[in-house]
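Novice: Given next are the chains, with one letter for each unit.
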Amino acid sequence: MLRPFALHRPSTLHDAGHLLDEYKGESALYAGGTELLLLLKEGFLRPAHLIDVKRVPRLNDIVVEDGSVLVGATATHRTIERSPVLGISCPIVPAVAQHVANVRVRNVGTVGGNLAFADPHSDLATLFLALDGRIMLWRRGVEREVPLADFVRGPYETARQEDEIVTAVRLFPWPARTTATYVKYGFHERPTLGIALALTLDADARTVVEARLAVGCVGPRPERLSIESELRGRTLVEVLADADRLASAAAESIEPVDDLHGSADYKRDMTRVFVRRALAIVGARAAGRDADVRYPHTVVV
Amino acid sequence: MTPRERIVGTSVRRVDALEKVTGRARYVTDLDRPGMLHAKILRSPYAHARVVRIETATARALAGVRAVVTSADLGWCEPYFGPAYRDRPVLAIDVARHEGEPVAAVVADDESVARQALDLIEVEYEELAAVTTLEEALAPGAPLVHASKPLAGHFADLSSLRPKPGTNICHQFDFERGRGAAGFVDADVVVEDTYTFPRVQHYAMEPHAAIACWDDQDGLTVWASTQNPYSVRVELARIFRVDLSRIRIIVPLLGGGFGSKTYAKIEPLAGALARITGRPVRLALSADEAFRTVRRCDARVRVRLGFRRDGALVAAQCEAQWDVGAYADIGPRIIQKGTYTATGPYRVPHVLLHSDAVYTNTTPGGAFRGFGVPQIAWAVESLIDDAALRLGRDPVELRRQNLFAHGEEFARGETPIDGKFEESLARAAEAIRWSEAVLADRGRGIAMMMKASVAPTVSEAIVRLHADSSVTVLASTVEMGQGARTVLAQIAAEVLTVPVERVLVAMPDTAITPYDQTTSSSRSTTMMGRAVEEAAEDVRGQLIQIAAGRLHGEGVGLRLEDGAVVSGRGRVTFGELLETRFGMGGGELIGRGVVAPGRSQAPLGGSTPFWEMAVGAAEIAVDQETGAISVLEYVSVADVGRRINPLLCEGQDEGAVMQGLGHSLYEEMLYEHGQLLNGNLVDYRVPRTGDVPHLQCRFVENADGAGPFGAKGVGEGSLVPVSPAVGNALARLTGVRLRELPLTPERVWRALRARARTDQPTKDVT
Amino acid sequence: MSDIRTPSSSSVSFRVNGQMVTLDLPVHALLLDVLRDRLGLKGAKRSCDIQVCGACTVLVDGAPVSACTYLAVEVDGRVVSTVEGLAEGDALHPLQESFIECGAVQCGFCTSGMLMAAKALLDEEPAPTAERVVAYLRGNLCRCTGYRKVIDAVVACGRPRAGT
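Residue numbers (numbering that gives the first Met the number 0), protein chains in the order written: chain A, 0 to 300; chain B, 0 to 765; chain C, 0 to 163.
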């Protein structure tokens with residue numbers, strides 16, 4: 000049972016923006032509602048007006064634009080799961096999207112809503128960090144781009160201003176010769192740990208030229224880890240031989256928090272364990288082997 | 000065993016299957032009454048607080064609100080209720096004793112308005128010191144959850160409640176056998192340890208719900224999601240000072256119970272609100288309200304076991320403290336039942352057991368599948384494995400050596416052991432391949448349990464044979480998924496030789512279906528089954544008597560077959576017999592069954608109708624880096640005497656095992672300063688499809704039960720051994736012994752690291 | 000396309016179990032309550048109320064959604080399927096038969112949601128493996144059965160029949 004509100008369905012961004020201005024302080028943007036409606040049920044938010052942005056055209060498009068992929072904010076997890084554009088340009092995204100929450104949430108929940116809500120236990124935010132994600136924010140006809148790392152400020156806190164609308168997330172697919180994995184661990188409804196690891200090798204497939212390592216769910220927000228710099232320029236063989244130390248360093252570099260999904264020291268150690276495992280998975284895949292590993296309460300993409 | 004029966008022993012379709020798969024099944028919240036209003040509860044945000052002032056005027060003024068009620072408006076009825084102690088107010092009176100306690104209630108035209116009205120009620124609280132753990136509640140000088148001693152409730156076996164005045168201990172239970180603790184002098188090896196069992200939640204898929212309606216003859220009808228309508232009836236009769244005959248409790252299907260819906264919970268409030276508004280009132284809890292209504296009692300259990308060098312268990316001592324939460328509910332009986340069979344299915348000549356039920360300012364603890372036995376078995380069965388290690392004995396063999404024999408005495412006046420426990424143990428060991436070498440990265444564990452069912456106890460039933468040979472069974476056993484209505488139909492159909500499709504088991508309705516104590520304690524197949532069997536046999540006897548007259552025989556050699564009475568001389572259908580009897584095409588034969596073993600000299604006041612005994616065996620793997628346990632295989636063996644419906648029994652035990660895995664691996668209610676942190680399914684983790692191991696649920700059927708066709712109870716037993724079986728498997732695989740549940744990855748991880756630091760088997764770091 | 004008379008109520012037209020329905024609804028109405036209270040389709044249940052347990056699962060354009068956290072106005076112009084629409088007259092859907100045969104029903108409170116989720120799966124993948132069924136039904140909770148027979152029932156239903 001929800002408290003009453005008025006529902007507006009603008010058919011352009013401008014109309015949506017006007018509504019945000021008109022009902023400043025008493026409105027909320029609405030798309031899938033999988034996060035928003037829960038807040039309304041709990042009474043944490045009591046907007047008198049919901050502004051439904053699903054009718055704004057092209058807001059759920061997924062398009063390639065100058066080497067990046069623009070994923071519209073109202074695209075559902077299911078749309079992303081099945082997107083031919085992403086399947087070709089950035090296949091890890093559909094592969095991870097199919098493991099978000101449950102099938103019902105995936106059918107309805109949107110990527111924009113997910114990122115704007117900034118639940119710390121989120122898979123997509125972690126993955127998108129590793130894809131150098133940038134959030135597109137629109138206000139009164141003007142768009143700005145914010146790196147995801149700056150957009151997510153903390154638990155349930157983003158850089159979105161009250162009168163801004165998230166219109167898309169821009170992802171930069173990894174270059175050719177990138178081998179990657181996304182690993183998520185946890186037995187609760189939300190993951191305890193999410194790791195995105197992508198290593199790009201040179202033409203000889205020996206040396207790591209680019210490294211992306213994002214860890215999420217353990218702290219207030221997902222982070223790219225500084226040990227990426229220790230991976231660049233080394234051979235893959237060296238990296239794999241040094242996996243234990245690198246994983247420990249990764250674990251030391253994060254700031255986990257105690258919460259209902261685990262204590263900070265457990266999360267720190269799990270970061271170590273799963274960074275090491277992720278390195279092994281990427282190493283195996285880069286060598287053309289199938290890294291069919293299974294760990295309890297773990298999804299390996 | 001050659002089955003002579005045609006229906007009993009076969010997996011006939013559930014009588015309610017069709018309605019449940021088509022969405023036609025009706026639960027309380029699917030019902031509508033004309034003019035029905037909707038109630039919502041305002042709950043205390045504090046674990047312990049004085050209610051200084053409640054301001055309801057603004058809420059009452061909201062359009063669509065029909066009443067806003069506090070305890071000040073309930074002076075016209077008895078304020079307190081509860082089966083053991085009448086300690087629970089309908090609405091908080093001056094003080095709230097747990098977070099979530101109902102403080103006020105709103106009745107409105109719809110739930111949305113009611114919710115809005117809740118927001119408009121102003122309550123001023125004065126926070127009081129709270130005790131939210133056993134340690135806090137038992138500390139000398141601890142604040143008292145209940146300042147004064149409440150009146151005793153309505154159960155005979157608790158007529159001797161033994162609180163400890165001046166403390167939070169509301170009941171004490173002692174049990175002694177032989178020389179008690181002095182028996183330890185006979186022991187060569189003594190093991191001792193302390194275990195804790197967590198607070199867990201039933202999470203029945205359907206939260207509590209009730210619709211209450213007074214009629215113009217001052218009678219009250221309540222459609223209630225309850226497991227014991229007669230218990231609710233007696234409570235409401237007393238609260239509202241109305242004759243029992245004028246309280247009518249109707250129970251449609253329950254969306255799960257597991258003990259959470261035993262004894263009055265929200266029915267008193269629903270009844271009061273209906274009275275005040277003069278309209279039918281629906282009170283339906285949300286899932287997070289259910290978390291704050293009842294839970295399992297957590298416990299701290301210290302056990303000492305003494306063995307002779309040859310492995311004979313000679314002495315046992317147990318001291319347990321049980322947290323019954325802010326209101327005792329059926330806590331006192333839980334501690335008795337759990338403690339009574341603390342030593343499990345083993346012969347132990349010298350026993351000294353003591354348990355305390357302790358109040359804390361948390362969600363009230365109440366009945367939950369296993370009823371105290373899981374908490375103790377977690378400790379005792381784990382300790383037996385430790386003893387096996389010390390004695391250099393195989394854990395299966397050590398248990399087998401000490402098992403009760405069939406027919407052996409448990410206690411004076413008590414029902415003798417009614418099962419061949421060795422058979423269950425052997426089958427479980429075989430199914431888990433106990434004697435074969437286990438793979439290096441796997442571990443196996445085994446555990447057993449034994450539990451008494453409630454006694455004294457009463458079940459009454461009526462069977463009506465109609466002129467067209469259809470049958471109605473009137474029984475107040477509640478259908479909460481276990482399949483009781485199907486089983487009772489099978490029993491009646493078997494005795495009366497009619498197809499099971501022609502038997503209708505009526506919905507429990509205290510105006511129509513006679514007295515049954517409760518649907519719990521695994522008792523319904525045995526006790527109500529026998530009552531139905533007796534009632535059907537009564538009808539059978541009447542049929543034979545009529546037939547004897549008609550066939551000019553003396554009733555010898557007459558038997559029922561396919562809806563007729565047959566003899567060498569001929570065959571007369573039921574319809575023809577009724578016509579003979581009544582001289583017209585009408586009338587019915589009514590049979591009655593009463594099963595009421597009554598009081599006895601047994602220690603708990605009545606002799607158990609049957610012993611529930613089960614074995615569990617697990618094979619696990621552990622990810623030693625994360626601590627995550629994978630249960631690869633699980634075997635349960637339950638000694639059930641006779642499965643009236645094999646598929647239903649299997650379903651019950653599969654569910655029991657998974658529910659046991661819940662508290663073994665994932666489930667715990669986490670509190671901080673009396674605030675429940677995870678009262679929702681995002682943060683409280685119940686088992687899911689991916690958690691099911693390779694699961695085998697087996698049954699021993701020696702037709703040695705007191706129930707119909709040799710049946711005994713089933714449904715609780717297979718839940719109990721899960722946690723010690725898994726804990727024992729973990730200990731055998733890793734050398735690490737954990738004494739807390741659930742065995743979450745983090746707990747296991749912490750224990751493995753502590754062991755690695757000291758490099759030898761050690762106590763877990765708690 | 001919905002006709003928005005005022006932003007706080009709306010006329011919603013949709014097909015439910017094959018029948019066209021038009022209702023005037025407050026925009027804050029949840030689909031679960033509209034199905035249950037306005038249309039008398041009580042099969043979908045309210046349990047956790049936060050999208051986790053699946054007791055409220057219905058299909059919108061063939062896709063499972065949590066009706067407890069879904070605005071009713073969203074079904075305007077769409078097709079809604081509930082458990083009441085699974086059977087065709089007296090002929091049960093194979094899933095319903097399979098659930099009964101396999102003993103996958105106990106208290107029944109999760110059953111409507113399980114059936115609708117399973118139907119959506121089988122409509123997409125006619126012969127899913129047990130592992131796939133486990134993954135798809137991961138978001139449908141049951142407290143009674145322990146899942147074993149539910150999984151078996153869906154797998155049994157999914158086996159490709161000879162000749163099809």
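The set of hints was computed from the structure by calculation and includes no laboratory data.
Yeah, the Cβ is synthetic: ideal placement off N, Cα and C, and Gly gets one too.
Just so you know, not all the hints are guaranteed correct.
Sample of chain C residues facing chain B (criterion: CB under 8 Å; computed from the structure) [said to hold, decoys possible]: (1) V15; (2) N16; (3) R37; (4) L38; (5) K41; (6) G42; (7) C47; (8) V51; (9) E87; (10) G102; (11) C109; (12) T110; (13) A155.
Novice: What are the numbers of the hints the structure violates, in ascending order?
Specialist: 1, 2, 3, 4, 9 and 13
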